[in-house]
Every structure is written in structure tokens, then in C-alpha cells.
Amino acid sequence: MSDPRVDETWRGYLRQDGRKGVRNLVLVVYTVECASFVAQAIGRDKEGVHVIGFPGCYDNAYAIRLMLALARHPNVGAVLAVGLGCEYTQASRIAETVRESGRPAESMLIQESGGTTSSIEAGKRLVDEMKAQLADTPRVGMRWADLTIGCECGGSDATSGLAGNPVVGHAYDMLVDAGGTAVFEEIVELVGLKDILLQRARNQEVEKALGEAYDKAIRYCRRVRQWSASPGNFAGGLTTIEEKSLGAFAKSGSRPIEGVLKVGQRPEHPGLWLLDSVPDEHFMQFGYTNPNDSEGIVDLIATGAQIVLFVTGRGSVIGSPIAPLIKITGNTQTYEKLKEDMDFNAGTVLTGEKSLAESAAELKRLIRRVASGEPSKPEALGHREFFIPYKHQDTPTLTIGCKA
Amino acid sequence: MPAEAFAIDPADNVATALGDIEPGAVSVLGVSPAAPMESIDSIRAGHKLALCDIGVGQRVIKYGVAIGLATRPIPRGGWVHLHNLASQYDEASSALDLDTGAPPAEDHYV
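From first to last, the protein sequence lines are chains A and B. In terms of our numbering, the first sequence has 461 at position 322, counting the first letter as 1, and numbering is strictly consecutive. In terms of our numbering, the second sequence has 313 at position 61, counting the first letter as 1, and numbering is strictly consecutive.
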């Protein structure tokens, strides 16, 4: 565990459930696409108010679990659920569940609040009241052991496996050694690496879980004939999914894997965890495993990650709601071209300017600054992309992790 | 200064171009001792250079792990990509455009 005498600390926000956040947000959650316009308008131009939602009208347990995990995220202090009124997902149930976590939460239905304009006005009033309540959130010392960090990679090129992901892997080792929690995902980018993956298991039980998750991912990719590689990956010099996978796996660092999380679950103890976002076998196969980067990032945030790292060799301009996204590239040209959007250049390890350890230490300092309140670049630019699709995963059991 | 490529693991039979490589001298950096060699192709930054002759069906190794099998004989110093290396899992990628990685036009756009 971390030693408080040597561990750096910063100020975070203490939630009623004892968890600690690095932001103090009001979250507006819409429960169907029909309510998205009103929900987005409620949150627009309001500092500290983020908006997420699920477009589907029909039942999807996966999406509801995911939204409930996001609504009780440590960076979220209060929630307004906005529904149209006839969809399956119940805004009032979301608010009720969030209130049980000790957070203030309200719900409203557009069909009952007088249409677009008056619903937006009512929503803005509720959000302002919640913001006033959140001003009194207790501040508390935080250290690395209080942090969960997620990592996603997207728009990979050859530098991702040589610099971007290895630097994150090194930083992940430092985080885990300091008593923190690190979550990586994209099991569909571990193709061909089963033996290497299983060697990293903390124990036999975890080895079994990793093996099952791996086999499921391969079966699914074969069945939908979709492997997690895009034209830009190939243009960037990656030839096969195996090659991309080796680069992607480097972001996990070298510490033992403590277990496999399903979407909506959170780690039950610190250390390194693998998030499995691949659909489970179901009478109806739907939901690509990795439809875009924003989906994976939202899944990582749902584990309780207060900050997410995004490694992109080719470059990207996305951000995320709820947890600040820190964008890292191992490609110095990409960094120069997209300087407004990229937070960190790990390409210095390829030019020999910095060692892997030096670059990882620099990244750790950046993470600490963002954890202390400094906005990451996408956060400052106002990027809040998210994606919550229909998907099926079996209901997680309490024995694997804490049910969110 | 000769062009540079980077080999990650001693078992690797390919190295990654650190900048654009033209036919001619290349120094190979990384874990293997910097062996000077000749590139026989133009190879863009991030793409792979064969460090030895690789026969059809042989494993192409990067990071010390097989990233696929050679589908054509690959000479030492040659460019290794979709035209001569195929995944053991993903059957579709060999049909992609060699330069852009885009799927064949007849796929969806007709």
C-alpha cells in the first residue's frame, strides 16, 4: 500500500458513500432519444453539468446498469433524470437509486412538464438547485490509492505499441505499486495473446476468468466477422489484429491481473483489472464489441475511473463526460499537428529524448495535475462525447466485484 | 544519416521504420545489436522491414510473438504488409487497400 508520508496528495470531493471524486458534477441523464434535445439544452453552457443518455426506447438491462454506474460515479455529486414519459427506462427509478447512494437526485417527464421550453426551464432550475447544494461538498485529501484510472487506445499506429501504450503501461505499474487501481479493456485487441494474458493472472480463478473472457471474444469476433482494426491502423503500418493487439496489451503494464469486470461492475480491491465489454451469448446477438472509442471510454468510466487515458497514434479530438480524458500519442508528428487536442507526447521515447521511465513519470505528474482540478485539453475544449449502445451482458454476480 | 528502424525483441524477424525509408542503408536500433542492412523497398514510417528472408507460411515475429503468417516469400530488406502477411484470425484484412487500409470499394458503396 502507499505510504502517506511519501505519497503526494491533492484535494478531492468526498461522496456520501465514502468514495472520492476529482470533479464535482451534476449529471443529467436522459432515458430515450426523444428526451435528448431537452436534456442537452438543460446542460448547455452550464459549468459543471454533464449530459449522458441512452437512445433506446425498449428494455436493455445492460444500458440501465451502465447508466446507474455512471450516475453514482465518484465525480458525480447530483443527478437529474429526464424522460419523455412512455419509454421503458424509468427516470424516477434512476433518481431513486441514485438517492439511495446519498446523492441528491430528481427526475422529470417531458410529457408532464409542458413541452420543450418549460421542460428546459424546469430542468435548469433543478440543476441550479443541485449545483448550489454541491457547493457544500466536503473536500478531502486524495492520494494515488484513492484513484481508479482507465485506459483505452484508438486510432492506433505503429507508435502506439512502441511508445504510447508502453508509457501508459509503465505509469500503470507505478499507480498499482502506489496502491491505486488501473483498468484496461479491449479484450478484442488481445487476439493471439491468450498464453501471455493467462500468465498475468493473479491466481487460478482469475486465470480461468481471463481464459473464458478471451475465448468468448474470439468466438464473437468470428461470428460477427468484425475484428477491432480500422483502415487508419493499416495505413499506419499495422498489418494484422495480432500486431495491433500486442501494442494494445502494452498499456496494461506488467503487474498481475486481479480479475475480469463486466460493464457496470467496479473493482472490489486495488490493482490491475481487465474490463470485458464483449456481449455475452444471448438468443439475439447485437452490439459490436468495440463500435467506437467513446463506447470503450464510457465503459471504463463506469468502473468508477475518475480519469481515463486515451492513447492514439493517429490522433483524435474526442473527450468524455464525467471523467476527464487525457489524450496521449506516441507519434510526435500527430502531437504537433493536433497540439490543441493532445495532452501528452510519448513520442519522445522514440526520438531518444526521454526514457520510458522518465516519460511515465512526466505522465504521472500530468495525471496528478488533472486530478487536482486542472482541465485536460478535451475537457477545456468542451468535448463530452459518449456512446451507449444496446448490448447484452449477463447480470454480473456479486462475487466478482461490487455490483454498481 | 542512414534511415532507422526499431526491433523490439531479439526473436523478431521484422523491424518498424522510425521514419520513411528509401531503398538503401538502414540502421536497426532496439534490442538487437544495431545491424546495418539494406532496404530494397520504399517503406513508410511505422511500417515493417524484414530482417531476414521469410518463406511462405512462416511466422512473422514482432514483440517476440507471431503477428501472422507470410503469404508470399519475403526477402530480407523488403516491406512487410497486407500484400505478404496475413492474420491467423482476421480473414478480411488481406483484401484491404495496401496504402490506405480501406476496404474494397465493392463492399458497401454500390
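Just to be clear, a hint being listed does not mean it is correct.
Quick look at which bits of chain B chain A covers, simulated, 3 or more residues with Cβ under 8 Å [said to hold, decoys possible]:
{"id": "1", "region": "287-294"}
{"id": "2", "region": "300-311"}
{"id": "3", "region": "323-332"}
Residues from chain B that face chain A, not an exhaustive set, calculated with beta carbons under 8 Å [unchecked claim]:
{"id": "4", "residue": "A277"}
{"id": "5", "residue": "S279"}
{"id": "6", "residue": "I319"}
{"id": "7", "residue": "D342"}
Footprint (simulated), chain B over chain A, 3 or more residues, beta carbon under 8 Å [stated by the list, open to error]:
{"id": "8", "region": "206-218"}
{"id": "9", "region": "297-307"}
{"id": "10", "region": "325-335"}
It is worth saying that the hints were derived from the structure and are not from the lab. Quick reminder that beta carbons are idealized off the backbone N, C-alpha and C, glycines included.
We went through each hint and held it up to the structure:
1. 287-294: This one is violated; 0 residues, fewer than the three required, reach chain A with a Cβ under 8 Å.
2. 300-311: Not satisfied, violated; 1 residues make the cut.
3. 323-332: violated (count 1)
4. A277: The hint is violated - B:A277 has no Cβ within 8 Å of chain A, the shortest such distance being about 19 Å.
5. S279: Not OK, violated: B:S279 not within 8 Å of chain A, min 13 Å.
6. I319: holds, 4 Å
7. D342: At about 4 Å, which falls below the 8 Å cut-off, the nearest Cβ of chain A leaves the hint on B:D342 intact, so it holds.
8. 206-218: violated (count 0)
9. 297-307: holds (count 4)
10. 325-335: Our answer is that it holds, as 4 residues pass the Cβ test (under 8 Å) against chain B, meeting three.
Comparing the model with each numbered hint stated earlier shows that hints 1, 2, 3, 4, 5, 8 do not hold.
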